[in-house]
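Q: Here is how the chains run, residue by residue.
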Amino acid sequence: MTALGSGSGGGQGMKPVAVVVGLVILVVALAAVYFLAPGMAFMALIGVIIGGVLIGFGVHFVPVGGAPAAMGQSPGIATGVTMLAAGAGLAGLFGGAWAAELGFGVALAGGAIGGALMMAITCLMVNVVYVYAMGIPAASGKVAKDPITGDTFEAYKSQGTEGHGLPFVSYVGGVIGGLLGGLGGTLIYLELLGVYEASLPQLMGGSIDQIVPLAVGLAGIFAVGLFLVNAVIAAYNITGTIEGPHDPKFKRFPRAVIGCAIASAVCGLLAVMLVV
Amino acid sequence: MTVQITASEGGMSHNKVLAIGLVGAVVCMYLTYLNALTGTEVFSFFGGLAAVFALWWGTDTIKHLCSYGLGTGVPSAGMIALGSGLVAMIFATKLSSMGIISSALVIPIGCVVIAGILGAILGYIANNIVNMSIPVMVSSIAELCIVGAVTILGLSAMATGSFVFADLASGQVAFFGITVANYQASLLGGGVIAAIFMLGAIGVQHAFNACLGPNESQDRTLMLAAECGFLSMITVSIISFAFIGMGSAIVSFAVSVIGWVYTYYKYLEMSKRDAYMWLDAKPILEKEEA
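Protein chains in written order, with my numbering: chain A, 1 to 276; chain B, 277 to 566.
Take every hint as true, because none was put in to throw you off.
Here are a few chain A residues that sit away from chain B, every Cβ distance over 10 angstroms (derived from the structure):
no., residue
1, A32
2, I46
3, E101
4, L102
5, G103
6, N127
7, G135
8, D146
9, T152
10, A155
11, K157
12, S158
13, H246
A partial selection of chain A residues facing chain B, derived with a Cβ cut-off under 8 angstroms:
no., residue
14, K15
15, L218
16, F222
17, I233
18, N237
19, R255
20, I258
21, G259
22, I262
23, C267
24, L270
Some chain A residues judged to face chain B by a derived CB distance under 10 angstroms, without partners named:
no., residue
25, T79
26, A234
27, I238
Keep in mind the hints are simulated off the structure, nothing from the lab.
This one's a predicted model, so the numbers in the text were calculated from it and none came from an experiment.
Ideal Cβ placement from N, Cα and C applies to all residues, glycine included.
Put together the whole structure using the sequences plus the hints.
A: So this is what it looks like as structure tokens:
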């Protein structure tokens, strides 16, 4: 299992030159929007960047086990990072989009809770399958003791595995990840929806009521696209499996956060410039 | 991570696949513009063929990229391709109304250029900031972004007969015999683009994900990619009944089905060729006469 452990994952740390180049791209994108469309569009781009960062950070909390988890050889949910993040985030995004009429705060809360709920149900069902169908106890391979409950894992961990099941700390991590992913996705959606609702009626020559379906469609599909871009960049940072916030790989999150901020800025620039 | 594991030897070089795919897709995109020139909608199916070329090329790109071992599985590459491609594609459809070049002919080539730039930036982020250190990362993500953008542009053009933003954003609804513009009855406002997005995302990553393994062979994988493309085309041709004329939609449907049947049989043949042996087992055994 060493190929799936912490051994893989490219180089460690960050390249300072690359980060500077990335931050220059970020500033150029912000400056372009600031000069072409100051005010609402600029604030929306900042919202999109924050949303992207939340998604990238949130993905690191989600316990992912991949194929080894399906065989009970590593803890986590038995699927890839992108699929899980997309599931949690999009569930939240739909929840938030439904609540968009009820105000900014309610919509954000709806998105966050939708994502968290989706992850909570997924984690619960995963544990049901692990314990009652596969007959394995939850045991982490990365830490000796659960950081939250203080339970020890050593006696339960099967030989030759990296642990199995979904320990309590991973469950909590999954819920936090869903919360942040849903929050980020909904924030991107709401910011873009605001910009489109403000500028599309004049641009397309229709009334606000006529234009709402178009604004919703555009903001929704852009939010999905941006969500997947950020989730995949975070997945590339994790490279395979992660148990949750106690996993050593979790410490890598700064580079994904920087990467997601830049990616969101560039994609957000195109999304905002569509109506400018 | 930087050790390349070659999935299969021989076959076409990746650059050749890239050239055929890119040129084929762009040419087919321009052929859909015959719709606007001739005033019909019969040529919509060329958009689907552009998507097939793009998916065919994108499958080889994913194979090229994933031979380095991403650690995240093949589908993530398809997801970032379509996610970023979508952003570039919707922006590109707006190019003709931005006041620089007013002809719609700028859209397909502009789509390729914008997607290439966006993909290169994302590839740079993945390779240098996230520090994947994969030699082909930047070029592959750029290629994948173009593949995603051209796939969605092609399938959208197939569904609506046009690749201009104004046509994708507004549809027409007959109301007591009078046709009125309705934004809800459009590709973007009606959310049809989400279906096209998923068709493309599954189409681009499925072929390599399904065929990878010790005896993966390039022609079989690429044939499966073309088959996925035609299968997506069938779905889009059914969607297109809502947007374009009955006759044109039937032409699209016929082209998709013919393409799908041909590629499916070709793929089956190649699977039999590559298999160690195969048995034409019947689901229910016939009773032999004594």
